[in-house]
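**Student:** Here are the chains, one letter per residue:
4 protein chains.
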Amino acid sequence: MTQLLPEADRKTLLPPLAETGWAAVPGRDAIRKIWKFRSFSEAWGFMSRAALVAEKLNHHPEWSNVYNVVDVTLTTHDCQGLSRLDLDLAKAMDRFAPGAEIQRDHGEPVSCLCEIHARKA
Amino acid sequence: MTQLLPEADRKTLLPPLAETGWAAVPGRDAIRKIWKFRSFSEAWGFMSRAALVAEKLNHHPEWSNVYNVVDVTLTTHDCQGLSRLDLDLAKAMDRFAPGAEIQRDHGEPVSCLCEIHARKA
Amino acid sequence: MTQLLPEADRKTLLPPLAETGWAAVPGRDAIRKIWKFRSFSEAWGFMSRAALVAEKLNHHPEWSNVYNVVDVTLTTHDCQGLSRLDLDLAKAMDRFAPGAEIQRDHGEPVSCLCEIHARKA
Amino acid sequence: MTQLLPEADRKTLLPPLAETGWAAVPGRDAIRKIWKFRSFSEAWGFMSRAALVAEKLNHHPEWSNVYNVVDVTLTTHDCQGLSRLDLDLAKAMDRFAPGAEIQRDHGEPVSCLCEIHARKA
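Chains A, B, C and D, in that order, give the protein sequences. Take the first sequence: its position 4, counted from the start at 1, is 4 in UniProt numbering, and no numbers get skipped. Take the second sequence: its position 53, counted from the start at 1, is 53 in UniProt numbering, and no numbers get skipped. Take the third sequence: its position 87, counted from the start at 1, is 87 in UniProt numbering, and no numbers get skipped. Take the fourth sequence: its position 54, counted from the start at 1, is 54 in UniProt numbering, and no numbers get skipped.
Isolated chain A, as found in the complex (with noise of 0.2 Å):
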């Protein structure tokens, strides 16, 4: 059983991951960040090699894909929310687009994923 990220990780972890464009989406515990690359063959390259590491830990994102964009929404089923297999994919996913435009204008800050009981209640 994977276990949900504790609020000392999220407000230490979440804010990097916001800098590179991942946002919080709103009324679910997870993360979504949006990619677009110069073609499909860019794209498809970068999904290539996210499918690898996913694969590798067994954790797999939703991901939907147009052309050259990549919408990727990352949470955990096991836990129903955030847990340190997402921040993983997340920062593994980063290395493999250094190069690519991120679109911002989805979601709302991390923080609102900071604090567990808050959320929940």
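Simulated from the structure, these hints should not be mistaken for lab results. Computed from a predicted model, the values in this text were never measured in an experiment. Take every hint as true, because none was put in to throw you off.
Remember, identical chains collapse to one label, so a pair may be satisfied in a single copy or spanning two.
Straight-line Cα separation of at most 27 Å, DSS-like style, residue types lysine-lysine; simulated pairs:
id: 1; residue 1: Lys11; residue 2: Lys91
id: 2; residue 1: Lys91; residue 2: Lys56
id: 3; residue 1: Lys36; residue 2: Lys56
id: 4; residue 1: Lys91; residue 2: Lys36
The hints should help you fit chains B, C and D onto chain A, whose structure is shown.
**Tutor:** Just chains B, C and D now, kept in the frame of chain A:
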């Protein structure tokens, strides 16, 4: 410029696709199919082959993936609706996933896509 | 450090692989199999799934591809010979290509890999 | 039928490829390049993009992969030698791996491919 699929072709070409599980997307001139594979690996093998044919046709799907499920919507941006390219891509995808389970609990019958004028009126 | 496959395991585990088309590589403690698919697309679907399992096992094949042919050699660098990882990867690959044609005109019977001491002598 | 690359084109088009690391394969009218990436993941991302362009061109490489190394030989079966397709695929591959290390300890200068008659004599 890609041509919108003529009515005559819709009436002959869409019903066979409907039988394999393609349905009309409500409010769009688009078709959609949802495959459920046995694993992420099997889903990814399918997507990897679909990516090849999409790039070859220079016609790409709107698709999403969550673990073993692949959800594909096809339409042609150029002509803002279904074109021959969508049928070609749909048929290729069908060939790549003979054993997968098909979800049929979405969309509308393709018959609603068979009359261009009625749809646009 | 990965352990070299013990003799007892070789005698029970290699023959079933030999039946599916794996053969001994002359002069090496390695096994090899050659798949012939119907197209590059089919070969690539196979390789894409094999890549996932290789990365998951952190154990990668020596492989080459020419159009519809995929030629795979497995051995473990760490222990300079066959290990349990090679068997795991071989069996996974076999599951990904049930319909492909297997070329059997290469290599030697796996029986020559069954005795570690004899082989090294 | 694909046309063998004419001498004039060889003299102008092969030297720029040689500068990026492509070399002549001894005894064949073919070019070869070896990339060394930082990981299997990076190698696989490259191969995944190369597969797309190969399928699009309907022209496929002879290639092998061992962990982070990808070894590519290009020639055209149709005309039994280099064609324009090989140059197109070579240039596409070069674009997909800007940061990789190139091994240059193999092959012969491409200048030996520059004269078709001399080569065949």
